[in-house]
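Q: Chain V with the ligand: place on chain E using the hints.
Taken in sequence, the protein lines are chains E and V.
Quick note: the first sequence uses our numbering, first residue 1, plus one each step.
Quick note: the second sequence uses our numbering, first residue 1001, plus one each step.
Each hint should be verified, as a subset may be incorrect.
Derived list of chain E stretches under chain V, where covered just means 3 residues or more per stretch with a C-beta under 8 angstroms from a C-beta of chain V [what the hints assert, rightly or not]:
| # | region |
| --- | --- |
| 1 | 88–98 |
| 2 | 131–138 |
| 3 | 145–152 |
Here are the simulated BS3-like pairs of lysine-lysine, each with C-alpha atoms no more than 27 angstroms apart in a straight line [as the list claims (entries may be wrong)]:
| # | chain 1 | residue 1 | chain 2 | residue 2 |
| --- | --- | --- | --- | --- |
| 4 | E | 102 | E | 88 |
| 5 | V | 1317 | E | 145 |
| 6 | E | 144 | V | 1288 |
| 7 | E | 142 | V | 1317 |
| 8 | E | 139 | V | 1311 |
| 9 | E | 139 | V | 1317 |
| 10 | V | 1288 | E | 142 |
| 11 | V | 1090 | E | 129 |
| 12 | E | 141 | V | 1311 |
| 13 | E | 139 | V | 1029 |
Simulated from the structure, these hints should not be mistaken for laboratory data.
Backbone N, C-alpha and C define an ideal beta-carbon position, used for all residues, glycine too.
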Amino acid sequence: MNYLFICPTKLWYFSHGITMEGENEWVDLGRFLHERRYADEEKEVLIERIKIDFIRKGDTIEIHEVKLGKSMERAHEMQALYYLYYLKRLGIKAKAALHYPKLNETKEITLDGHEEEVEKAVQFARVVKSLPAPPEPVKSKKCKKCAYYELCWV
Amino acid sequence: MRKRSLTLFSDGNLLRRENTLYFENANDKKPLAVEGIYDIYIYGHVNISSQALHFLAQKGIAVHFFNHYGYYDGSFYPRETLHSGNLVIKQAEHYLDPEKRLKLAKLFVKGSALNMGRNLMRWGVADGFAGELEKLLGELGEARKITEVMNVEARIREEYYSRWDEHLPEGFRIVKRTRMPPENEMNALISFLNSRLYATVLSELYNTQLTPTVSYLHEPGERRFSLALDLSEVFKPVIADRIATRLVKQGVIKKEHFRGELNGVLLTKEGMRLVLEHYNTELAKSVKHPGLKQNVTKQRLVRLEAYKLIKHLLGVKEYEPLVAWF
Ligand code: SF4
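Extracted from the complex, chain E is given alone in its bound form (with noise of 0.2 angstroms):
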């Protein structure tokens, strides 16, 4: 789902089971709170470099995401804000924080006032899911890490 926030070439690639090797920044959580039943314990996920832990705190979920740069702030934040549009969804309260160690910085991130914004995401992924082939890609700065780069620009 955070495809969409980086490309929507990706997006439709990746949701029509085309998937690429070396892809790591992908954690599905529907699939997540599924299999370890979150409300156990303290999870810790670690992909690559990227970790995304789920507190439980009372009964409140927090999510700490531990980011290497800024460089994709943006698409980090939609993807928190998915998380938790999510987990309202399934009646579930919860919180998020981005942490930047390398820059010493934590981002606090909540839905208020975002609900709208997500939803506006959540119906143009469809839409771009929905297409009978993938939306032409875009060369960006992104295209240089993208697991997809030989795919797109073969």
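A: Positioned in the frame of chain E, the structure of chain V with the ligand alone reads:
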């Protein structure tokens, strides 16, 4: 860590103890770093324990087996983990629709033919080939059936082999391409390399969402993984034929590396070892890719070809076979 292909040439046992894979023979027992293995090619007499196979399946490592004569026998192709229902349907659709199938079949033949042309130019024996090719590619365009496509392909090959022969040293002429069994040294060498190339293509397909059993030029079911045969056509001239030529021209492979048997002429064990060594070096070599603007290994070119095919099937971009620019 960059993953590498592992070739097991000697006899022994492949087994797993705890979380380590070992190759054991009379002399020693070597641990193999499984995380660094891309795929495995087995030429020796190797016993594999089921635990080892389970382990390899878990890690998604394909194993290719070659017989006593160095020819492809079969593969251990672990249960596929990469699935795309959408792509499988597209693959089938392009097989079932005669127009779509013909289009792809022709593209594979065209790619193969253009690469043959590139080789002849390189070797300086391209006399008259361009003209013949133009005529034959014209016929290819007109072909309405797969058998007709195959027919044209066979004639292109004939033109190619006769010229290629002019470039080969005395004693290593192909004269007439014979497969089962190869009747002379050059035929044996080409068959051996093609066999190895086929397995490389299969490994690359394994790492994509393409279903290797649905093919276009070759009939699915003719051999199990017939899509690897289709893609091999494009790469045979570029990879196998070039290596074969170089090996005999440079005298790396000599008459003594062959033996005659009931099964025709075959490479000796030492001959096979030498060829594989050169094959592996060649596939690890990089070339600059004009489209991607980065260096890619020759092995990776096979993967890129698979990506191009995926894009064709999904309707993103029409497949254009690789024509060697290097
Ligand atoms: S390479 Fe660029 S266009 Fe293609 S999926 Fe990645 S980010 Fe998107």
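Q: Next step is simple, just say for each hint if it's right about the structure.
A: Right, here's what the structure says about each hint:
Using a Cβ-Cβ cut-off of 8 angstroms, 0 residues of the region 88–98 of chain E lie near chain V, which falls short of the minimum of three, so the contact claim is violated. With 3 residues bearing a CB less than 8 angstroms from a CB of chain V, the region 131–138 of chain E meets the requirement of three and the coverage assertion stands. Under a criterion of three residues with beta carbons nearer than 8 angstroms to beta carbons of chain V, the stated coverage of the region 145–152 of chain E is upheld, 3 such residues being counted. Under the criterion of a C-alpha separation no larger than 27 angstroms, the hint pairing residue 102/E with residue 88/E is inconsistent with the structure, at around 31 angstroms.
Distance hint between residue 1317/V and residue 145/E is fulfilled; the C-alpha atoms sit about 23 angstroms from each other, no more than 27 angstroms. About 16 angstroms separates the Cα atoms of residue 144/E and residue 1288/V, which keeps this hinted pair within 27 angstroms; it holds. With a C-alpha separation of about 22 angstroms, the suggested pairing of residue 142/E with residue 1317/V holds against the 27 angstroms cut-off. In summary, the hint linking residue 139/E to residue 1311/V is supported, as the alpha carbons are separated by about 17 angstroms, within the 27 angstroms threshold.
Proposed proximity of residue 139/E and residue 1317/V is supported: the alpha carbons are some 16 angstroms apart, at most 27 angstroms. Pair hint residue 1288/V plus residue 142/E holds up; C-alpha atoms about 21 angstroms apart against a cutoff of 27 angstroms. For the hint pairing residue 1090/V with residue 129/E, the CA-to-CA distance comes to about 16 angstroms; that is within 27 angstroms, so the pair holds. About 23 angstroms separates the Cα atoms of residue 141/E and residue 1311/V, which keeps this hinted pair within 27 angstroms; it holds.
For the given pair, residue 139/E sits about 50 angstroms from residue 1029/V by alpha-carbon distance, which is inconsistent with the 27 angstroms threshold.
The structure fails hints 1, 4, 13 (numbered hints given earlier, in ascending order).
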